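In order, the protein sequences belong to chains A and B.
The numbering of the first sequence is this note's numbering, which starts it at 1 and goes up by one.
The numbering of the second sequence is this note's numbering, which starts it at 1 and goes up by one.
Simulated from the structure, these hints should not be mistaken for lab results.
Predicted model, so just to flag it, every value in this text is computed and none were measured.
Misleading hints may appear alongside valid ones.
[As the list claims (entries may be wrong)] Some, not all, of what chain A presents toward chain B, calculated at C-beta under 8 Å:
1) T44
2) G48
3) N82
4) R272
5) D278
For each residue, glycine too, the CB sits at the ideal point set by N, CA and C.
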Amino acid sequence: MAKQYETVIGLEVHVELATKTKIFCGCSTAFGGEPNTHTCPVCTGMPGSLPVLNKQVLEYAVAVGLATNCTITQYCKFDRKNYFYPDNPQNYQISQLYLPICRNGKVEIETEKGKKFVGIHEIHMEEDAGKLIHDEWDDCSLVDFNRSGVPLIEIVSEPDMRSAEEVIAYLEKLRMIIQYLGASDCKLQEGSMRADVNLSIREAGQEAFGTRTEMKNLNSFKAIARAIEGERERQIELLEEGKKVVQETRRWDDNKGESYAMRSKEDAQDYRYFPDPDLVPIVLDDAFLDGIRRKQPEFREEKMLRYKEEFDIPEYDIEIITGSKHMADIFEATVALGSQPKKVSNWLMVETLRLLKENGMDPEDIRFSPEHLSRLIALTDAKAINSSVAKEVFEVMFEQDIDPEKYVEEKGLKTVNDEGALRKTVEEVIAGNPQSVEDYRNGKEKAIGFLVGQTMKAMKGKADPGMVNRLLKELL
Amino acid sequence: MNILDMTAVELAAAIKERKVTVLEAVEAVLTQMEKSEETFNCYVTVDKEGALMQAGEVQRKIDAGELTGPLAGVPVAIKDNMCTEGMLTTCSSKILGNFVPTFSSEAVLNLQKAGAVILGKTNMDEFAMGSTTETSAFGVTKNPWNPEHVPGGSSGGSAAAVAAGECFYALGSDTGGSIRQPASFCGVVGMKPTYGRVSRYGLIAYGSSLDQIGPLCKDVTDCAAIMEVIASHDPKDSTSVEQDDTDFTTALVEDVQGMRIGIPKDYFGEGLEPEVKEAVLGAAKALEEKGAIVEEFDLSLVEYAIPTYYTIAAAEASSNLERFDGIKYGYRTSEYEGLHNMYKKSRSEGFGPEVKRRIMLGSFVLSSGYYDAYYLKALRVKALIKKAFDEAFAKYDVILGPVAPTTAPKLGQSLSDPIKMYLGDIYTISVNLAGLPGLSMPCGVDSKGLPIGLQLIGDCFQEKKLIQTAYTYEKIRGPFGRKEDRQ
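From just these sequences and the hints, can you work out the full model?
Structure representation (structure tokens):
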């Protein structure tokens with residue numbers, strides 16, 4: 001019988017923090033500027049420059065630590081990690097090794113197999129590196145330091161996960177916590193959340209861990225799942241062939257569906273860590289921690305419970321809406337403006353999700369304001385516009401966040417409730433479509449749908465379809 | 001009075017009284033440089049044009065009443081490890097031989113705000129690593145008292161420039177004695193302020209936890225006036241301290257009545273030249289006669305200071321100097337194959353032997369497996385040394401001793417035996433490890449005609465006590481300078 005193997009996985013997750021400025025200087029963290037425009041002597045490693053810690057980084061790191069049940073290190077330090085690489089302007093990265101800001105946390109995840117805890121070994125703060133651009137045409141490499149010094153936290157889990165499903169549940173959980181805190185947008189594709197997978201296998205029932213590898217370059221949940229599967233198979237194959245797993249860093253190529261061993265940054269991996277003498281130790285008093293505790297938002301689980309109690313909307317809707325802090329904020333704000341929760345939820349669940357999907361956008365990208373959504377709902381409630389006009393208006397609102405009242409007014413989209421005018425149009429439609437009238441009279445119920453459509457078209461959509469239906473039946 | 005005989009404060013007063021113009025002052029030093037720079041080699045860069053231009057601007061501001069401070073209009077020299085915007089800043093190293101900073105260090109900016117005219121950049125031991133200014137990539141600086149002798153180091157160019165009249169005062173930096181020892185060898189006043197007093201922003205780091213910028217000047221009054229200008233809290237330097245006691249000139253008081261002065265016995269043992277010992281103890285006696293309470297005491301751990309210092313400073317230096325890689329600025333080797341070969345060749349060709357020695361030493365003590373045994377242990381000893389000083393300062397206001405075991409050695413005698421050279425730092429190094437202020441001033445001349453230095457050490461942020469003691473001693477001692485200056 002073939003041996004049974006267990007996969008053991010731990011994650012190192014890097015999260016770019018949503019601060020306006022970099023971790024050790026005042027440069028902008030905005031993504032996508034012209035190369036080397038968001039730089040200064042500090043983040044380009046000029047001689048004589050010195051780092052000064054951005055306090056917001058500390059606040060975000062502590063907030064994430066508290067939300068993941070960590071112990072906060074109230075006397076912590078930054079250390080230098082020394083290695084030579086051109087994207088690293090000082091040739092050392094300011095990070096934390098000896099006294100990381102958070103330790104010994106855990107988060108609860110849920111998969112089909114049930115609930116379990118994943119331990120968090122530590123969370124530390126560090127600076128991001130610049131970016132190398134290889135110009136193959138000119139056979140040279142260029143360095144862009146815009147990203148150099150962008151603040152990161154690295155969340156190191158315990159090796160507590162056993163499957164890709166658990167890994168993804170854990171990542172989703174972290175993403176939700178961090179997004180709710182507003183500490184990062186956590187987008188894997190854009191690199192504001194990056195996960196390295198440490199994976200080993202062992203025979204089922206065995207206590208000791210196997211030799212692990214570290215997998216990098218995982219840009220989506222799907223890539224992570226594929227890489228885990230691929231690496232598990234590769235390691236099993238090695239063991240079955242009587243070979244050994246080598247402890248190394250590997251790079252996943254999602255297109256080819258395989259990984260290869262990366263060359264190490266230095267031949268000898270000795271980072272010669274030591275406390276950075278340019279930065280003073282950070283002492284966090286209880287008042288500081290209490291201040292952050294008080295500012296912690298209502299997280300998703302609490303929100304879901306509250307929604308169940310407060311709003312009469314389906315559980316599925318609650319799950320989707322609270323799956324994005326931004327969407328939940330819009331929902332609550334719109335309801336607070338007096339709109340009926342069920343209606344708000346419908347707009348979000350149907351039209352919003354459809355448009356997001358069609359445009360390849362995330363819920364975080366929603367731009368329309370709760371005020372405008374609430375006005376749109378009020379317009380339909382008052383039957384000032386019919387549902388198809390409302391959808392049309394919503395599409396424009398989704399794109400440009402226009403004020404629906406103004407828009408309906410300007411475009412003359414208000415429903416015509418004048419029965420006399422409508423009756424006249426219906427008569428014209430009946431006169432102009434003898435074949436359909438004939439069909440209807442011969443028992444083809446469907447033909448009335450066509451006539452309703454023709455009437456709506458003639459009214460430029462501004463009629464109440466219920467009234468059109470009633471008048472047609474009456475006149476036929 | 002010859003302009004060059006004036007102290008910085010005297011010159012500023014003369015300019016204010018319109019007896020001398022800023023331009024005349026600048027021209028006087030430039031003329032002196034023409035006479036003596038070829039012999040002494042105090043400077044890496046002399047910015048003649050820039051100095052003449054600044055002279056006009058500063059004079060206008062003085063005339064307009066915008067600049068009224070005690071240093072307005074006085075020409076200054078800056079050690080070449082402090083960034084100066086638009087002006088070559090080399091650290092006396094080939095690897096930065098072409099480096100022009102885009103910003104000026106905070107201490108230099110503070111001087112400029114006070115109306116200083118920057119003359120240029122002074123020679124130093126490469127990256128401030130050395131005690132003789134012989135490790136510079138741009139030639140040796142010679143001692144103005146006797147050009148066959150070294151000026152000390154690493155701020156040898158700054159000390160020599162002051163002594164030679166090639167500037168009125170200078171900035172230096174002190175990591176293990178690099179201001180105080182050359183001040184002693186060149187017969188000028190030098191002060192290493194408390195760690196955190198003066199911003200390190202723009203100072204190209206050697207040992208970040210030990211480096212401090214300070215003045216080299218002609219007398220204690222100048223020292224106090226310069227300290228008032230350069231001491232400041234700088235939000236750009238996390239290790240800079242908020243302070244509201246920078247009125248150093250208020251300590252220029254001739255009074256040591258009741259001042260408790262401790263003399264560490266450990267500083268007067270083996271290795272100390274008898275002539276140095278005699279002069280330093282003579283100074284102590286003179287202060288005692290003026291009412292100071294002088295007594296000997298045991299300052300423990302002195303023998304551990306040198307290994308502790310070379311472990312910590314080298315460790316920090318090995319990391320601080322990593323940024324010099326030939327990629328972003330500075331020297332890059334002309335031929336290479338691939339990235340690693342470029343790093344290796346650029347750094348091998350760009351750094352001198354003393355710098356390489358300390359990078360290797362520092363990399364070793366930080367490497368995994370040795371970190372605890374060397375670096376961590378050194379940090380613990382550093383804390384103990386600080387504690388020993390704390391105990392001493394519970395009893396004394398000022399600690400008095402020699403600056404160095406000898407007067408300036410002859411050129412070419414030191415580098416062949418680095419251990420011996422390192423041992424020469426024994427009296428200055430503990431001050432950096434404990435973050436204390438230390439002042440060096442001349443207290444005599446030996447039989448070779450070379451100046452002898454007296455060191456006063458204070459508790460953290462007690463510079464004023466040092467200034468007061470030094471000022472009083474200066475009055476007792478009387479004028480001091482090279483023979484030809486006094487004629």
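### Message
Holds or violated: the hint that D278 of chain A contacts chain B, with Cβ atoms closer than 8 Å.
### Response
holds, 5 Å
### Supplied contact hint for G48 of chain A, tested at 8 Å Cβ to chain B
holds, 4 Å
### Query
Measuring from the C-beta of R272 of chain A to each C-beta in chain B, is the shortest one below 8 Å?
holds, 4 Å
#### Entry: Hinted contact N82 of chain A with chain B - closest CB pair below 8 Å
Holds. Min distance 6 Å.
### Query
Given T44 of chain A as an interface hint, is the shortest Cβ-Cβ distance to chain B below 8 Å?
holds, 7 Å
Checked against the numbered hints above, the structure violates none of them.
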